[in-house]
Structures are given as C-alpha cells and as structure tokens.
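Student: What follows is the residue order along each chain.
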Amino acid sequence: MQALKVTDLSKTFDLGKPLFGTARPGVRAVRPMSFSVARGETLGIVGESGCGKSTLARMLVGLMAPSTGHIEIAGKALDNADPAAFGRLIQYVFQDPISSLNPRKTVRQIMETPLKRLYGMNQAERNKRIAEIFDSVNLREEFLGRYPHEFSGGQAQRIGIARALAAAPEIMVLDEPVSALDVSVQAQVLNLLADLRRDFGLTYLFISHDLAVVEAVSDRVMVLYFGTVVEIGRAEQIFNAPKHPYTRLLADSAPVVGRPLAAPEQVDSELPDPLNPPPGCAFARRCSRATAICRDQEPPLTEKGKDQFAACHHPIAD
Amino acid sequence: MGHFLKLLFRNRLAALGATVLSALLIVVLITPLLPLPDPNATATAERFARPFTEGHILGTDHLGRDLLSRLLHGTRLSLAVGIAAALIAAIIGSTIGLVAGYFGGRIDNVIMRGIDMLMAFPYILLALAIVAALGPGLMNALIAVAAVNIPFFARNIRGITVGLAGREFIDAARLSGLGHTRILVGELLPNVLPTIVIAMSTTVGWMILETAGLSFLGLGSQPPVADLGSMLGEARAALITAPHTSVVPGVMIFLIVMSINLLGDGVRDALDPRLKSGALSRPRAVTLVDRKGPVPAAEQRGLLDLDALETQFHVGKRVYRAVGGVSLYVKSGECVGVIGESGSGKSVTALSVMGLVPSPPGVITGGAVRYEGEDLLGARYETLRRRRGENVAYIFQDPLATLHPLYKIGDQLIEAIRVHHDTPPKEARAKALDLLRAVRIPNAESRLDNYPHEMSGGMRQRVGIAMAMANDPDVIIADEPTTALDVTVQAQILALLDDLRRERGLAIIFITHDFGVVAQLCDRVAVMYAGRIVEEGPTMQVLDAPAHPYTKRLIACVPELGSGKRKLASIPGLPPVVDNLPEGCAFAPRCDKARDDCRRGAILLAGRGLRAVRCIHPEEAV
Amino acid sequence: MGGYILKRLLSAIPVLLGITIIVFAIMAMIPGDPATAILGSYATPDNVEKLNRDLGLDKPLLQRYFIWLGNMLQGDFGRSFSLNRPVLDEVVERFNATLVLAGTGFVLCSVLGILAGVVSAARQYGVADKIITFTVLIGISIPSFFLGMMIILLFAVNLRWLPVSGMYAIYGGGDLPDLLKHLVMPATALAVVATGVIARLSRSAMLEVLRQDFIRTARAKGVPERRVIMGHALRAAMVSILPVLGIQAGFVLSGAVYIEMVFQWPGVGRMLVDAILKRDILLLQGGVVLVAACYVLFNIAVDVAQALLDPRIKT
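Residue numbers (the numbering used here), protein chains in the order written: chain F, 16 to 333; chain V, 269 to 890; chain U, 2 to 316.
Among the clues, some could well be false.
Subject to a maximum C-alpha distance of 30 Å in a straight line, what follows is the list of computed DSS-like cross-link-like pairs (lysine-lysine) [as the list claims (entries may be wrong)]: (1) V:835 <-> F:321; (2) U:131 <-> V:274; (3) U:8 <-> V:676; (4) V:833 <-> F:319; (5) V:585 <-> U:8; (6) V:835 <-> F:20; (7) V:585 <-> F:120; (8) F:321 <-> V:585; (9) V:861 <-> V:833.
If you're looking for bench data, these hints aren't it; they were derived computationally from the structure.
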C-alpha cells in the first residue's frame, strides 16, 4: 500500500513580465519528478541549498500549488484541495521550531486549533486528546499554559511535533527538524520521531542536509540536485555504494573523524544559473566523468542497481 | 497587561507624560461642570484684557471672551477630534494593510498602488482638497486628517504583515485547518496589534497638530466655536498688541502634544520586544574591561595566550557568566580547536580576544589576553586597533552578514590593507587581487568589482578569508567559518584554510561545534561546557579516549555516515543557563556518573602535559 | 542606471494620471455652482447658465475630465476668476517662492537631522545624546505656526533683528541679502519639526546598523572608530534614512502652507487656502496638480539616489 504517490510533480516560478520585451521563462525550482513512499516507510530527502527540497515539501503539504503533476495520499488525489484537506492526511514539522509557533498564543491554544478545526472536537475530547499526545511526546501538561518563547529549541520542536500529531495525519513531512538543535539534543528528537512512527504507523518524509542523520533515520534516501532527483535507493547502500557522482561527492565531503582533510573537488562548486540552465545534466560542469552526451542530453532516472535508481549517463560501477 | 504598565511607568518621562495628559483629560471632561463664563459670550468693552485681571484669569480675546473658558472648551474639541482622527485612520489603515500584506499578489498590488497614489501628494494638498470639497468645518477637517493618515498606517502595517505572513506559524495554522478570516483575526492581528498601538501613540499628537493647523488656516472649526487651532488663528492679527491671546492656546497645544509624545515613546519602548532585552544598545568600539581581581602573572606559552579569561553579560540585574575563566594558547603554525554546543561560551571567548564582544551588555571581568606577551585587555584603544587585522585577524560565520553590503569587495579588501599600511591605491588594489587569487577565487580580476550579494556563499567566505589574510597576520581566529555553508563547499574552505596555515605558518584558533571538522583540521582541541573548558589535549587523544563524561557522550551523539539506520545516543536534559550555574560540576545534573562530591566546591582543570580534564571521576586517567 | 531612470520616469505616468483623477473627482464633489460663486449672488439665471456653458460645465463629467486633462497637457490650466490671470502663471510664480522657503527648510532639516542623529547614536546614553533627544522631543511637539509667531515676537518685534514678514522689503529690497534676512525665521520655523523626525529616525537607523555583523568585521579589520561610524555605519543607515527624507520633503512642503500664512510669504500655500475660501476651483485644481507633480518627480530623484546608494536594488 502506497502512502504517498507523486507523479510528474514540478514547480516553475514565473518571473514578472518585464516592462519591455517578452516574458522570460520561469525559474524551474522543481523539475518534473515522480516517486512513491510506502506506508510506514521513511524516505530521506537530501540536497544542498537550491536543490528544491523546501519547494517540494511545501507542495506536498498543499502550501504551494504545483505547476504540473499529481499528489495522491492513501489513494486519494489531492491536487488542488485547500490546506485543511491536506491537513488531515499530511502534516509538516518546520525547521525553526520557535518561529513555527505563534508567539502570542499559549501552547494549549496552538494544540487545540487542529483538533477544533480539522475534527470538530468538543472541549472534553480535546483535553483528553491533548493529554494523550503530550504523553507520547514526553511533554508535561503544565507546559500548556505557557508561551512559545519560554521553551528551549528542543522542547519547542517537540511541541511542533505534538501539533502535527494532533491532526492525526498519515504522513509527516519533517523539514530539517533537528538542524536548529544542538547535537546532544538532536538525538532526543530523532529518537522520539522513531518511536512515534512505530507507535502510530506514520510515514515520514525526512528532509535534511546532514547525510549521517538522514542515513540513521531513513529506509530509503532520495538525493536532489538543482531541482532534479539524481539518485534514489536504500539508505544503507546509497552512501556506501553511490551510483551518481554527485551522491559520492556529498558522501566524501562530510568531515569525518579519522579521514584526512582533502577537498574532493577543486574550486567551482557553484550551481548553474537558474535563469539560464545549461542543456543536459546540471551536474556535468562539476563532474569529472562528464562527456559530450552529459552536456547535451538530460539523463533519465533508471535502475542502476538493486532498488537503486540514478540519473546518470556514466554511473559509478561497483 | 500588568507587565506592560509596569514597564511603561518605569520610564519616568512616559510617566510624566501620562500624568500631564490624564490631568488635562480630567479637566476637559469636567469643563462643562466648572463655574466658567460662556466661552462664546462677547463683551467688546473688555477686549484684550491682560491675564490675571479680575474675573478673567487668563484675560480676554479680541471680542472680550474669557480666554480660560475658551481654552478649556477648545482643548476639549482638539483632543476629541485628534483622537477620533487617529482611531479612524488606525482602524481603516490597519485593515487595508493587514489584507494587502496577508493576501499578497494581485490584491496587494492593486491596494498598494492606490496607497502610493495617495502618498504621491504632499499630505496638506490632499487635506486641502478634501476640505475644499466638503467645505470648511471641524468635522470635515477631522475627515481630511484621518484620510491623509490612512496610507501611513496601511503601509506600516502591511510591511509587518508581509513579514509575519511568511513566517512558519502561519503555514502551521493553515495546515491546522484555519481559513483566511480566522488567520487574519486570530493569528495575525494579535501579532500586529502592538505595532498598531505604537503607530497610533506616536501619531496621535501629530494628528492633533494637523487638525489645529487646518483650523489655524480657517478651514477647521468655524466661529464662534473655537478649537485651539482657530484660537491661534484668530489671535494672529493681534500678535504684537496682545501676545497673550496667542501664547495661551499655543502653549496648550505644545503641552498636549509633548505629553502625548512622551507617553507614545514610552508605549513604544514597552511594547517593542527588541528594546525589552536592551538589544538596541550600540556596541562600543572595544568591549568594556572591568577586571575585579589582579591581572594574572605573565606566563608566555604561545604566540597568543588567554589566561583565566572571564567575560560576562550584564542584562538588567542578571549576570550571565558566558566565559568563566578560560586559559588557552596557540603557537605559530598550530591550529587549536575550541568545540562546544550553543551557549558554551566558545564564540564569546573568541570575540573577547580583540575586544569585539558587544558591550553593553558584555564586560570582560577578569584574566588576561596576551599577544607576544603584551596584555591586550588593558591596552589603549589605539594600540588594540593597530593589532586588529594586522596581527590577529578574524573570520566570521555568516559571510553575507559579515561583509558590508554596499561596498565592492575589492574596496573592502583595499580598506583592510590601507588602514594599517600607507599603500598607494594602485598597489593596494594589486595586493587585493593577489589575495583573491590566493584564496582561489576564479576570475579574480572581475570579482574585485562585485558586491557581496552577487557572489555565492562559498565565494563570499573566500573573500572573508582573503580579508583576514590582508596584512599577513600571525594569528587567525575563525568563528564557525563553515557552519552556514553547504557540505561540498565546506570541504573546500577547510582545505583552503589548512593550506594557508601550512604555507604561511599561521596560528589558528578554530571555533566549531563539529567533531569531524576538529579531527581533520586541529592539532589540539579544547572542549567547552557552560563557559569553561572541561577537557583539552591533542585532538586524536581527546577523540579516541575522551576523559570527561561530557566529551565522551557528546562524541557518541554524533551520527557517522556509513553505519546505516539505527538508534542514536543522546544526553538527557539541557545545558545549564549561565546566569544560574550549579555548584560544582556544571554537567553533574546530566551525568549518569555524578556522585555527591561532583556537586560541591570548585572542580579544577587538572592533568599532565598537554592533556587536562575538569572531572573528579574521569572516564580515563590523564 | 540610465535605463532605470527612464523606467522610473515612465512609471510616474500612471501616478500622475491617478493624481489628476483624484483631484478632479474631489473637485467634482464640491457642492454648489461655480458660476454662482464667480458672479456673486446678484447673478441672473440666464447669466449663470451662459457662464456654465462657457466653462463647459454643462457637459458630462467624464468628458469634462478629458477636456481639462487635454488642456493641461497643452499647458492651458485655465484662468483664475478671482485673480483674473492664467492659473499657470500664478502657480509658477507662487511656487517659486515656496521652493525657496521649502528648499531651504529641507536642506536645513536633512543636514541638521542626520548630524544630530549620528552624534546621538554614537554617544548613546551620553550627555550629547540626552540633550539632543530632549531638544528633538520639544521640536516635534511644538506647532510650527505657533513657533513662527513666537520667534516673530522675539526677533522681529522685541529685538528688531529681522523683518517681521514678507519675502522682500517693500522699499529698496530685492537683492540676495534682503531675501536671506527674510528667509531666516520662516525657514527655521519650518525645519524644526522635520529636523526632529529625521534626527530620531537617523538615531535609530544608526543604532540598528551599529549592531550588524559587518560593523564587527570593520572593527576586526582595525578600521578606526570615526571611520566605522561616519563611513561604514552611516552609509548603511542612509539606506533607511533616504526614503524618510523623501517623505519629510512632503511634510516640509505641507508645513510651508502654515509658515506662509504666519510670515505673509507669497507662496503657493497661501494661494491655495485663498482659492478654497474664494472657491476658485480652477486655481485650486491647477495648483494641486502642479505641486503634486513636482513632488512625484522629487520622489523619483530620491529613488534614483537610493539605487545609486544600494547596489542590491535591481536597476
């Protein structure tokens, strides 16, 4: 059973028509991509700034209308529904825990909103449900009367998770949920997320720039570059045996204890100009394996190993 | 609310304004009950009576009308009209601003074009046109003043709303099932309300001035009824012969507006959260140094020596001990890492060296920082300034925020050279070009004329490094220089720093939270927790055999690539807040090996050779 | 940059059109009959009707607007009945006088305001800061027309240092020293409020900028403090001060209306107030449109200055 099925989803940001001349083609933040996530699975999404991961996440939860493509959640098409319809099926946990909570509302008011608006619960039902949720995320009920600024980052992120849980969604999109947290606290939140997934049968989309974290929590991992899926595969394989040169570059760049310092590539690591993207593979200019075909034809995403797909003309052999 | 009033009245000027204003309000409210002559009863025989004449405390005007009575009735009118105009403008303008800012796109565009059109008039022209259309009269003056102020509120509130509408809690509210109206009223309005109140309290005085102005021109209140403005207007003809008829209403307007402004400033300060924390203080050129104890005796261990450095933040009555006695040194060609989590004091330690901790609220309260044996903390500003960038240079975290946005990067590099060396501009430019090449920026020549926003994050940080290298310093303090960068870019920047260090024999103090970075770059490392070094030693020894329980468990928390899906280790609890440190070991409350003696007395950093640990039950003997 | 200036000038066209529409619409709301106002209460119905026809007032509103607009574009603003001369001539002559007054006031308040703000911020909580803050508070609380009257009493009536009112002395005046003597008091009275507003804003803009990371960078480079404040900080603060100067120019122009009344300055403000009281609609319309158009052009100049200052603005 697929929890989430995405077909040809893309987003192009239109540029305003200039005063003189014709309208320019828009910026393609997300190029048409298709993937699916099984129920109970965690799909990790990694990529550097400008790869389109945040745009993808906002489309998935209905905060941004896609330019093309379909989103299916638990078999139901959800292309142009309003956020509330999305809200019962898919929820979002934000990167910055403090700014995702309204500073002028108490935690109780924040928690009650989805219960009231999405499920129409009465006061008694709400209190009971909030107590249950707070219990499952290890928060004390005395926090309910306080305001967001009174909490540390880790606590605020747990409140954010609790609010998402209150909507009882099928799927949670976790957008860099621990990157604002210190390393000693981040594991607290990650382990909580793992427990919740097991207990509530949740499906996660886990977005992060930290490969080690993604690997530790994901079943499968999808690597994005310049708005395109360049590789997708099992978490334990994708970084150990990458097929796409970009995935390998990412894996080799992370500073690791016990590995000598060396820049895996020299100098030019800039993304192509989004207003004027080059033909062919967007990574070709940075890639040591690139040949003429790479600068001419965009490589399709094809199976290059067991459960491992890469968009590359010259994949890395085992 | 109670908190707000307390803050408000702590401000003595605001309290003064509030007192004067309430006194005035009470007087004008009871004016009809006071035994005063009819303000409009003329008595030409008694015209221009001086103040303090019998029966007329403030004298009479050109028609012999009692000035006190006219003044109080006029004040009543002026206050009522000014406040009403402010309310109308605030309500209509804020609504427009909220709607435009929240919906954005086309709605915003159309509304704001209209507002811009109104703002294209100098406001008096619009007010005059409106009064011309509606005819002179106080009510019409009120409408005109309210109307010309609507754009002000609309713009102001729209600006705030656009910022808020992009915030994540609005997205979260949408996903919680809230519709537009509920988001506008329930989520946005409470956050915008303080701004509306501030805008109102700072403009109501001005609106009173404006209505008075229209009346002064004869376009507001019509005879025989007079507000303060028309009293002044009528008195103008007799300015030279009977100045008191002008002075009386003029001083009253001044009193009203002054007290409202005082109160308005107080309201603004009390409601603006940035002012609450005292964050709007301007940092001085050098951190304040106020050493309580004696300066520690000089014991030169390296090129740069930090000796029992203590830096505190004094916020209100609270004292945050950000750095609580840190000793550290670095030799030429050596790279020392300082690692810790947020709030551990690692950045404050780095900034203290050259007096760059913002002060207020920062104060260096103890210890010494010595460059080649010379104490920098006690040095005069000019001495310290000459060392900054010339001997000890910094590389900061976010290269977009740390480069000046309005200067070309070439000019920023040239300035770095020329503030220390009297170099001809041409030579300095050539040197800047060399620097850009040294940090391996492609097309360096054309990059000199770029502005920071025209470069990518990685390129900007290269510029940051080039600027630090401008005067061939001996020591570089790098404060999380790669934290804001993508991982592939980070690898390049680290490699570059390492090369530069080897080529030029630089001493580097490297502040980071990343063990991987420390392992790859640093010879020695110091681990900080709650403002103190808890462990130090050669990098590989510390990482392979951590002696402090905190170090050991922190390393265990770091997920490593290549180990597959798994449960991660964490440390329960939170680091202590440094204004309320526990006695004994600061880590004891989170430590599973803590015993009673860990929570008593001072625990010293002890060890042999380069290795030391601040723990009485260490994991490894050192 | 040339392209940007052209773009801004072109974008002013709809704004100027909008201004004419707003002015025309407001004027069309004026109750009563202009002809009656011109001819006085003794006019016969025949005369009124004839004058209305002559003025084109019998045509539909929209048509009247386009006729008025068309005439204006050809430089014909109509004739003022109360002054019996072409509106354009009168407005240009009066506006020149206003520009002398408001221009001086604007330069005064910009220079003094920014200077006071910078000193105040650089010496935050120091003696200079306290004195400036307090003076500024008084300045923004005092009505300019009252202040004008009081300085007339002091400097013209009691001390007899300066002339009471007018732009030139009636006999033997007309040269520059004479103008300056007449200009001192009104320009000062006009500038006081705006100086206060600009000083306050400059202070907070400077304080905001001084906390930025790039100021720390400048200090870490070893840039002398004077240069940090007057160079790095002030330049960055100008990005938020400049738009306010544009707005304050409108306030100075507005304040000039009162000052012209107090000092009998022969400017456009007094002309407009007279036009309202005499219901001379063509004079009023023409005056408002011309002054507003000049203000629009001034604001374009401010925008261009802003684009020159801040490279992040897309030109």
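Student: What hints, given by number in increasing order, does this structure fail?
Tutor: Checked against the structure, the hints that fail are numbers 5 and 8, while the rest are satisfied.
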